[in-house]
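**Q** Sequence:
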Amino acid sequence: SSSNISPKRILESAKITADFFTANILLPLGGLLVAIFAGWVMSRKAMEDELALSEPMFRLWYITVRYITPVAVGTVFVYNLVGA
44 SSSNISPKRI LESAKITADF FTANILLPLG GLLVAIFAGW VMSRKAMEDE
94 LALSEPMFRL WYITVRYITP VAVGTVFVYN LVGA
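Going letter by letter, the sequence shown gives residues 44 to 127 in this note's numbering.
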């Protein structure tokens with residue numbers, strides 16, 4: 044009697060699991076953590092110096108990274124956890 048469990052099937056299943064975990068959990072979580080770090084941990088002066096944007100563009104970027112990006116990426120993260 045042949046078994047349905049083979050090394051090839053185990054490896055294939057592991058690849059699918061790793062792909063799902065990476066795409067649906069690690070990538071959104073990493074993006075969320077980067078946005079939180081950039082918006083709330085790094086100093087504003089360090090970001091201004093590094094980005095070298097005009098004042099209006101920097102203000103837009105800063106507001107986006109601080110408030111909009113974490114909500115958007117967090118929404119994707121939760122959707123992937125619940126809907127995937």
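Be aware that one or more of the hints could be misleading.
Unchecked claim - Simulated restraints on C-beta separations:
| no. | residue 1 | residue 2 | range |
| --- | --- | --- | --- |
| 1 | Met100 | Asn123 | 14 to 22 Å |
| 2 | Glu55 | Leu96 | 28 to 36 Å |
| 3 | Pro50 | Trp104 | 43 to 51 Å |
| 4 | Leu70 | Pro50 | 24 to 32 Å |
| 5 | Met85 | Gly126 | 48 to 56 Å |
| 6 | Met90 | Ala115 | 51 to 59 Å |
Rather than coming from a laboratory, the hints here were simulated on the basis of the structure.
Positions of the beta carbon are idealized from the N, C-alpha and C atoms, including for glycine.
**Q** Each hint: holds or not?
**A** Results for each hint:
| no. | hint | in the structure |
| --- | --- | --- |
| 1 | Met100 / Asn123: 14 to 22 Å | violated, 31 Å |
| 2 | Glu55 / Leu96: 28 to 36 Å | violated, 47 Å |
| 3 | Pro50 / Trp104: 43 to 51 Å | holds, 50 Å |
| 4 | Leu70 / Pro50: 24 to 32 Å | holds, 29 Å |
| 5 | Met85 / Gly126: 48 to 56 Å | violated, 32 Å |
| 6 | Met90 / Ala115: 51 to 59 Å | violated, 19 Å |
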